[in-house]
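Fit the two chains together into the complex; they arrive one by one in their own frames, and the hints show the way.
Residue numbers (this note's numbering), protein chains in the order written: chain A, 885 to 1307; chain B, 53 to 435.
These aren't lab readings, by the way, just hints derived from the structure by calculation.
Any given hint could be a false lead.
Stated by the list, open to error - Dumping the calculated PhoX-like pairs for lysine-lysine here, alpha-carbon to alpha-carbon at most 20 Å:
no.	chain 1	residue 1	chain 2	residue 2
1	A	K1296	B	K251
2	A	K1001	A	K1122
3	B	K152	A	K1162
4	A	K1213	A	K1104
5	B	K235	A	K1272
6	A	K1174	A	K1104
7	B	K101	A	K1084
8	B	K152	A	K1174
9	A	K1213	A	K1237
10	A	K1296	B	K248
11	B	K342	B	K411
12	B	K248	A	K1272
13	A	K1198	A	K1296
14	A	K1162	A	K1174
15	B	K419	B	K342
16	A	K1075	A	K1104
17	B	K374	B	K354
18	A	K1104	A	K1084
19	B	K419	B	K376
20	A	K1213	A	K1084
21	B	K251	A	K1272
22	B	K376	B	K354
23	B	K411	B	K354
24	A	K1080	A	K1104
25	B	K208	B	K101
26	B	K341	B	K248
27	A	K1213	B	K235
28	A	K1075	B	K77
29	B	K77	A	K1080
30	B	K379	B	K419
31	A	K1122	B	K341
32	B	K248	A	K1080
33	B	K354	B	K341
34	B	K354	B	K342
35	B	K376	B	K404
Letter by letter, the chains look like this.
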Amino acid sequence: MSDEPENVSSRRTFLRQAAMTGAGLVAGASVARASGPDPKITEVQPWASSFGDPVDASPYGSPIRFESHVVRRNVEWLTESPVSSINFTPIHALEGTITPQGCAFERHHSGAIELSKQDYRLMINGLVETPLVFTFEDLLRFPRSVTTAFLECAANGGMEWGGAQLEGCQFTQGMIHNMEYTGVPLRLLLKEAGVKPEGKWVYVEGADASSNGRSIPLDKALDDVLVAFFANGEALRKEHGYPVRLVVPGWEGNMWVKWVRRIGIYDQAVESREETSKYTDLMPDGRARKWTWVMDAKSVITSPSPQVPIRHGKGPLVISGLAWSGNGKITRVDVSTDGGVNWQEARISGDAKSKALTRFHLDINWDGSELLLQSRASDDTGYVQPTKDALREIRGLNNVYHNNGIQTWWVKADGEVENVEVA
Amino acid sequence: MSKLRNRLLLSLGLFLLSTPAMSEKLGLGRPALPEELAAWDVAVLPDGKGLKPGSGDVLTGEEVFGEKCAVCHGEFAEGIDSWPVLAGGDGTLTDRRPVKTIGSYWPHLSTVWDYVHRSMPFGEAQTVTVDETYAITAFLLYSNGLVDEDFTLSDKNFTEVTLPNADGFYPDDRAESEYPRFKGEPCMKDCGAPVKVTKRAIELNVTPEDPDGRPAGTLPPLDTSAASAPAPPAAPAPAEVAEAASDPAPVPAATVPAADVPAVAPAAAPIETAALDPALVGQGEAAFKKCSACHKVGEGAKNGTGPVLNGIFGAAAGHADKFKYSKALTDKAAEGLVWNEAELDAFLENPKGFMKGTKMAFAGLKKPDERAAIIAYLRSLGN
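Isolated chain B, as found in the complex (with noise of 0.2 Å):
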C-alpha cells in the first residue's frame, strides 16, 4: 500500500470519525426476506393482528388437547399437580387462594392462542398446527363454560370473543397509589413502641438444608481450632470418588418398608447382558426430554407428577418408593407385569392402549428408533 493511500485512508477515517456517530445510519445487517419474516413473526395482538387464517372446534381441541397438553394441565384443564390450572377459578380473584385461569384472569384471547402456538407443548414448542390452535382454544373457552360444545373458532369469528376479565387490569399506578406515601424525612428516633417477633421461618420448615440441618449454603466456621479440609489427592482413582459419594447415603434399601420392594431386585439381575450403544443411549437422553418434565432421574432424583425412573428397566411395575401408582398399573404390577425391552416399548408407544387407566396422559412415541432410543437410555441408568 502507497503511503499516499495510507495517509488517505487516515484522513478519510479522522473524517469518519468526527461525524456525529448518531447522525446517519451505519448500513449494517441486510434488509429481512418475507419468508423469514412469516417464520419469526408470529405474535398475535389483542385486536386480532397476526392470526392465521384457520378454523377449530371444541371437539377436535379436546382430542388435540387431550393428547398434547393433559399430560401437565389435566384433561379437563384443571391442572396436574402444580401445572398451570387453565379453566374455572371464576369470582375467586377477591378470595384468599385465587384461581387465576383464562376465564378467571386472562384478559385477552389472542394470548391464550399466541403461547399455545408459539411456546406449547412444553418441550415441544412450535409443533401445534394453526388449526390444532384453534380447536385448543376453542376447546379452553368450552372448558371455562364460555362456549358451546358446537363451538369453532377461527380468523373470522376470533375477535367477537371477549374473556370475562376483560377489564380487571390497569396500568401501573404506584407512582399516584404508593410513592407519595413513601416520601419523605425517614424516622431516627422513637419510630414506634417496641417490637416483638410475630412470624418466625423457622416454623415452616420450608427452607433446602445442608446435611447438618442449617439452611443450605450457611458460612463454614473459620475458628482456627477447627481443621481444615485434607486436600484432596492430585488423581483420584474412580473407584475412590465414587465410594466416597456414595458414602454420606446408604440408606436406602434398609428403610424401605419390606413389602414394596421383592419383585425389584430379583427380576434385575439377568437382562443385564447386553452391551449399550452409547450413540443410542444419547440420543435417548435428548428425546427423554419429553419425559423429563414429569420424569426424574438421575442422583438425588425424587418422584415428581410421575415416579423416578432410576432402575426402571428390568424392574418390576410399580418400583418407584412412595410413588402414587394408579390401579391399572398396581393390577398389572399384582399380575407380575416387569418392565423389560418389549414391555416397555408397548406402554410408551401406546399408553392409554396398553394399560388403561394409566395416569400417564401421554399420547405415546410413534417411532420405534426413538422408543428403541429412550429404553436403551433408561437401561443405561442403572439403579
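Only chain A is shown next, with the shape it has when bound in the complex (with noise of 0.2 Å):
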C-alpha cells in the first residue's frame, strides 16, 4: 500500500511542521558555520589531487574500510561449539531488502564443509520410478527459475521469548537474511525420476557429517520449492551450502538444506532429529506442536535501535524496517512510537514480493521526546502480527521457536536506544 493518501498527508503534515521549525534546523546548520570555512571544502584534500586504487586493486571487492562494523557477529555464550553454532545478520546496518551474502547469517550443525561442483552429486531416491542420480552439470541443463526469498530460523527471537534479553536488531531479529537464487525447480528434478502414487513426502539431505535432514510434503516440494546454485547472481557461498542448496520459501531455515545430496521420496515423514527433538513447538501442556513449517508474518525497525542510536539530535528522522511474511505478501505496516496505544502507516518502498524481505520507512520529526517505537506488518492473508504477549498468552513460556511478536525499543531523549518490553 505505498503512497496511500495518508502517508501523503502525512508528509504535508510534516513539510508543514518541518517549516515551523525551520528556525531550529538553521540553528543546527549554524553550528558549522560558527567554526568557520570548513577545510574538508576550502583544503586540497589527498583525494582530490592524487590517484586512488588502479583497476583490479581487488579483482573480487570488499567493502570499503570505514564498513567494518557491518559484519556477521555471533554470541558466544548461546552454544558450546563453534561449529555447531549460529551468527547474526548486521541488519541495523543495512538497507533495501537483498541481504549480501557475506554478511548473511550462518548457522552449521557441523561446520561449513568445502565441497566442489566436480565431487557434487544428488541423488533422488525412495518411492520413485528410477532411482538418478546428478552431477553438477546435470542440474544446469535443467530449465532455472528465480525467486527472491527470506530465510529466516526458526529461533529467530527465541531468545527474547522470556523477555527483552539482547542489544540490538542484529541478535534480536538477525537470524534472517534475503536473497535472490537461482536454481532448478524441485518439481523438474521428482519428475525427472517419476514419484509414485503413494510418495507423499521428500526427505532432504545434506552432504555435511550432521546431514540435517528434513520432511518436506510433497505438495510444497512441487510448489516453489526450489534446488538453487546462485545467490544474489553469484556462486554460494561455502557457508550457504555451496555448490547446492535447497531453497524452501516461508518456510523455516532449517528447512533449507545446504550442501543437500539426497533427496528420498516416502510415504511418511522420516521424523528426523531436527523434526522432533529440535525445532517442534513445546506448549503450556507439556503436549508440542510439530511441523511447525510456516514464518508468520513479522517486522522489526532496523534504525534506529540499540546498535543505531539517535545523534544528529531532534528534527528529520528516518525510521526504517523490514517486515516479512512466510504466508505471502506484505501489505501494509504500522509504527507506534508510544509503545502500541497509537499506530500510523509506514510507507512500503519498492516492491513487496511474496515470501520475501520488504522495507518500509517512515520519516517523522523527531522533537527529542523519549519514543517507545514499535512496528506492526499485516500480511495478503489479512494477518496482523501480535504482540509477544498475545503470542505467550497461547504458547506459554517454554516455546523458543517461532517468536513473531511485535518488538519494542526505547528511544530515550539522548538519542540512546535500548531493547524493553512494555506493558
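See below:
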C-alpha cells in the first residue's frame, strides 16, 4: 500500500511542521558555520589531487574499510561449539531488502564444508520409478527459475521469548537473510525420477557430517521449492551451502538444507532429529506442536535501534525497518511511537514480494522526547503481527521457536536506544 | 558444417523450444546403482523401515557410549556443560525449565538410531557401526529407565519399543488456534491505556560489546567534527601489524593472580628449540578438530568444556587461567608434571590410563602419527 493518501497528507503535515521548526534547523546548520569555513571544502584534499586505486586493485572487491563494523556477529554463550552454532546478520546496518552473502547469517550443525562442483552428486531415490544420480553439470541443464526469498531461522527471536534480553536487532531479529536465488524447481527433478503415487513426502539431506535431514510434504516440494546454485547473481558461498542448497520459500531456515545430496521420497515423514527433538514447539500442556514450518508475518525497526542510536538530535528522523511473511505478501506496516497505543501507517518502499523481505520507512519530525517504537506488519492473508504477550498467552513460556511478536525499542531523549518490553 | 545442416539444426531447435518444457522428461542424470543407494540411503523411519540387521546390548552400549559419547553427553547421558542431556527429565515438560531428553521428549526410537548412526559422534560422524548403534541405543533406553540392564536391542524387537512421549506431538494447528485471533482491521487510535517499560535487556547484560561498552556493531558516529580514521600504510610491515594488534590487550600477565602462574613461564623456554615441520603442524590442525568441541585455541580463545590449550606445550600442568581442573590433574601438577612431548603423548594415547580421575572423557588417540601431529600443532600455538 505504498503512496496511500494518508502518507501523502502526513508528508504534507511533516513539511508544514518542518517549516515551522525551520528556525531550529537553521540553528543546527549554523553550528558548522560558526566554526569557520570547512577545511574539507576550502583545502585541497589528498583524494582530490592524487590517484586512487587502479583497476584490479581488488579483483573481487570487499566493502571499504570504513564499513568494517557491518559484519556477522556471534553470541558466544549461546552454544558450546562454533561448528554447531549460529551468528547474526547485521540488519541494523543494512538498507533495502537484499542481504549481501558476505554478511548473511550462518547456521551450521557440523561446520561449513568445502564441496566442489566436480565432487558434487545429488541422488533422488525412494518411492520413484527410477532412482537417479545428478552431477552439478546435469543440474545446469534443467530449466531455471529465479526467486527472491527470506530465510529465517525458526529460533530468530527465541532468546527474547522470556523477555527482552539482547541489545540490538542484529541479535534479536538477525537470524534472517533475503537473497535472489537461481536454481532448478524441485518438481522438475522429481519428475525426472518419476514419483510413485504412494510418495507423499520428500526427505532432504545434506552432505555434511550432520546431514540435517528434513521432511517436506510433496505438495510444497512440487510448488515453489528450488534446488539453488546461485544467490544474488553469483555462486552460493561456502557457508550457505556451495555448490547447491534447497530454497523453501516462507518456511523455517532449518529446512533449507545446505550441500543437499539426497532427496528421498517416502510415504511418511522420516521424523528426523531436526523435526522431533528440535524445531518442535512445546506448549503449556506439555504436548508439542510439530511440523510448524511456516514463518508467520513479522517486522522490526532496524533504525533507530540499540546499535543505531540517534546522534543527530531532534528534527527530521528516518525510521526504517523490515517486514516479512512466510504466508504471502506484506500489505501494510504500522509504526507506533508510544508503545502500541496509537499507530500510523508506514510507507512500503519498493516492491513487496511474496515470502521476501519488504522495506518500510516512516519519516517523522522528532521533537527529542522519549519514544517507545514498535512496528506491526500485516500480510495478504489478513494476518496482523501480534504482540509477544498475545503469543505467550497461547504458547506459554517454554516455546522457543517462531517468536514473531512485536518488538519495542525505547528511544531516550539523548537518542540512545534500548531493547525493552512494555505493558 | 554445411548450411543445410545448420538450417536443419536450427529448425530442430525451434521445434524443441516450442515443445512445452514440462511435458517430457529431459533424460538427464543416470540411474543410481544399488551400492550407491546402500551407501547414502541410511534413513530409519518410525515404523522401522531402513533398519539394518544387527543387535547390541546395554552393557556393550555403556562401554561404547563411555568411549565415544560421554565426553560431551556425560557417563550417564546427563550432559556436560550445555551439551544435550539425553536421559532423565521425566515429567518436566510443563515445568518452567523442561528437560527435553530421549526419555522425556523424543517421540520415536528410530530417531535415536538414525541420528547416532549418521551424525554422531560429533566431529567423527559415520564411524559408529550398526551393532554399536544398537548398543548405544539400548544403553540410552536403559539410562532413561525404559529397559533393564540385560536388554538387547535388535532389528527384530526394535519396533516393540515405544518411547514415553510418543503421543506428545500434534501437527501445526496455528491456522485454527492462532490465525483467527490475529486477523481483522488493526487498531490505530487509543488502542489501550498508556504503557510503561516493564523489562529492559540492559539489566541482563548478556549482549556482546564493543571495546567502548556499547552493543557490538553499534554504528560509528557520523559527526563531521570526528576525525576520520587515518588510512593504513600501503604495505604495513608485519612487525607493525603484530604490534598494533596486540596493543589493545596488554592485560593477561599482570592481572592473573600470582599463585596461578609461577611454574608456567620458566618451564616453557628451553624446549622451543627444535624446528617444527609445517606439514606435520597442518596434519595436527586437521586432527585437532576431534578436540575442538571442548578445547579452544588461538587468539581470544576461552576455556570451554576443556581448558584453552594455547601454550600448553612445555607448560606446567594446570596452565589455563580460571579453568576448574580435576583433582587428579591438580595433584599431578603439584607433583611437578610438565607437558613435554613424552607426557602429552602418553596422556593423549590413553587419558584415563595416564591420569585416573581426569575430567577429559576422551577415549584417546591410538595412532602414534596422529598424536605426533597434534602435539606439533599444540607446539605451534605458542602462548
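Outcome of the hint check:
{"no.": "1", "hint": "K1296/A to K251/B", "result": "15 Å, holds"}
{"no.": "2", "hint": "K1001/A to K1122/A", "result": "12 Å, holds"}
{"no.": "3", "hint": "K152/B to K1162/A", "result": "10 Å, holds"}
{"no.": "4", "hint": "K1213/A to K1104/A", "result": "18 Å, holds"}
{"no.": "5", "hint": "K235/B to K1272/A", "result": "16 Å, holds"}
{"no.": "6", "hint": "K1174/A to K1104/A", "result": "16 Å, holds"}
{"no.": "7", "hint": "K101/B to K1084/A", "result": "16 Å, holds"}
{"no.": "8", "hint": "K152/B to K1174/A", "result": "15 Å, holds"}
{"no.": "9", "hint": "K1213/A to K1237/A", "result": "6 Å, holds"}
{"no.": "10", "hint": "K1296/A to K248/B", "result": "13 Å, holds"}
{"no.": "11", "hint": "K342/B to K411/B", "result": "16 Å, holds"}
{"no.": "12", "hint": "K248/B to K1272/A", "result": "15 Å, holds"}
{"no.": "13", "hint": "K1198/A to K1296/A", "result": "12 Å, holds"}
{"no.": "14", "hint": "K1162/A to K1174/A", "result": "10 Å, holds"}
{"no.": "15", "hint": "K419/B to K342/B", "result": "14 Å, holds"}
{"no.": "16", "hint": "K1075/A to K1104/A", "result": "14 Å, holds"}
{"no.": "17", "hint": "K374/B to K354/B", "result": "10 Å, holds"}
{"no.": "18", "hint": "K1104/A to K1084/A", "result": "10 Å, holds"}
{"no.": "19", "hint": "K419/B to K376/B", "result": "29 Å, violated"}
{"no.": "20", "hint": "K1213/A to K1084/A", "result": "28 Å, violated"}
{"no.": "21", "hint": "K251/B to K1272/A", "result": "13 Å, holds"}
{"no.": "22", "hint": "K376/B to K354/B", "result": "13 Å, holds"}
{"no.": "23", "hint": "K411/B to K354/B", "result": "17 Å, holds"}
{"no.": "24", "hint": "K1080/A to K1104/A", "result": "16 Å, holds"}
{"no.": "25", "hint": "K208/B to K101/B", "result": "12 Å, holds"}
{"no.": "26", "hint": "K341/B to K248/B", "result": "49 Å, violated"}
{"no.": "27", "hint": "K1213/A to K235/B", "result": "15 Å, holds"}
{"no.": "28", "hint": "K1075/A to K77/B", "result": "7 Å, holds"}
{"no.": "29", "hint": "K77/B to K1080/A", "result": "15 Å, holds"}
{"no.": "30", "hint": "K379/B to K419/B", "result": "28 Å, violated"}
{"no.": "31", "hint": "K1122/A to K341/B", "result": "19 Å, holds"}
{"no.": "32", "hint": "K248/B to K1080/A", "result": "59 Å, violated"}
{"no.": "33", "hint": "K354/B to K341/B", "result": "16 Å, holds"}
{"no.": "34", "hint": "K354/B to K342/B", "result": "17 Å, holds"}
{"no.": "35", "hint": "K376/B to K404/B", "result": "18 Å, holds"}
Figure legend: structure checked against the earlier numbered hints; hints not met, in rising order: 19, 20, 26, 30 and 32.
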